[in-house]
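Residue 146 is where the sequence shown starts when you use our numbering, and the numbers rise one by one after that.
Treat the hints with care, since some could be wrong.
[Claimed, not checked] Here are the simulated EDC-like pairs of lysine to aspartate or glutamate, each with C-alpha atoms no more than 20 Å apart in a straight line: (1) 148 <-> 235; (2) 148 <-> 259; (3) 148 <-> 262; (4) 220 <-> 250; (5) 148 <-> 223; (6) 148 <-> 244; (7) 148 <-> 193; (8) 220 <-> 259.
No lab work stands behind these hints, which were simulated from the structure alone. Small disclaimer: the values here were computed from a predicted structure and weren't measured.
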Amino acid sequence: MRKVMERLQSLLRRVDALLRKPNVATTLSPDSILLTAPEEGDVWRVGDTVEVSWRVIGVTGHPLDVTLVHGRGRKIEDVAVLAARIPARDLSVRVIVPEVPAGQEYAVALVSSDPTEIRSRRFSISN
């Protein structure tokens, strides 16, 4: 199941990249979420307020939990819930970067009950 989700995330990232280009037509399946921020290479500082944003294609009625995760592959661990039960139609939420060890293997996961989990690309957190 995890590999399927990773492939789906990869596909959604490619679709998001295509949507950012002008004059490109793309067909998406209904109820898709594309995470647009944070971006790969971003650096968050502990205590700062940052924005997590996404695009919604279709109708997604399930609320989202925004979670900070750390690691790669099968060693991904939830670190902190940054926001809970955010309506998908809000398209973004501002969160405070929690007190965590500095590192480069962080990502944001959008999790809903339908079940969906979408992860951002890797970014860093500094103290």
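- Task: Below or equal to 20 Å on CA atoms is what counts here, so check residue 148 against residue 244.
- Result: Roughly 30 Å between the alpha carbons, so the hint for residue 148 and residue 244 is violated.
- Query: Within a Cα-Cα threshold of 20 Å, do residue 148 and residue 259 meet the stated pairing?
  - Reply: 18 Å, holds
- Task: Quickly compare the C-alpha distance for residue 220 and residue 250 to 20 Å and report which way the hint goes.
- Result: Holds, at roughly 11 Å.
- Regarding the pair residue 220 and residue 259, is the alpha-carbon distance no greater than 20 Å? Roughly 23 Å separates the two Cα atoms, so the pair is violated.
- Message: Hinted pair, alpha-carbon criterion (20 Å max): residue 148, residue 235. Please report holds or violated.
- Response: 28 Å, violated
- Query: Is it true that the CA of residue 148 sits at most 20 Å from the CA of residue 262?
  - Reply: With Cα atoms ~12 Å apart, residue 148 and residue 262 stay inside 20 Å; holds.
- For the pair we were handed, residue 148 and residue 193, check the Cα-Cα distance against 20 Å. 33 Å, violated
- Are residue 148 and residue 223 close enough, with their CA atoms no more than 20 Å apart? Holds: residue 148 and residue 223 sit about 18 Å apart, inside 20 Å.
The structure fails hints 1, 6, 7 and 8 (numbered hints given earlier, in ascending order).
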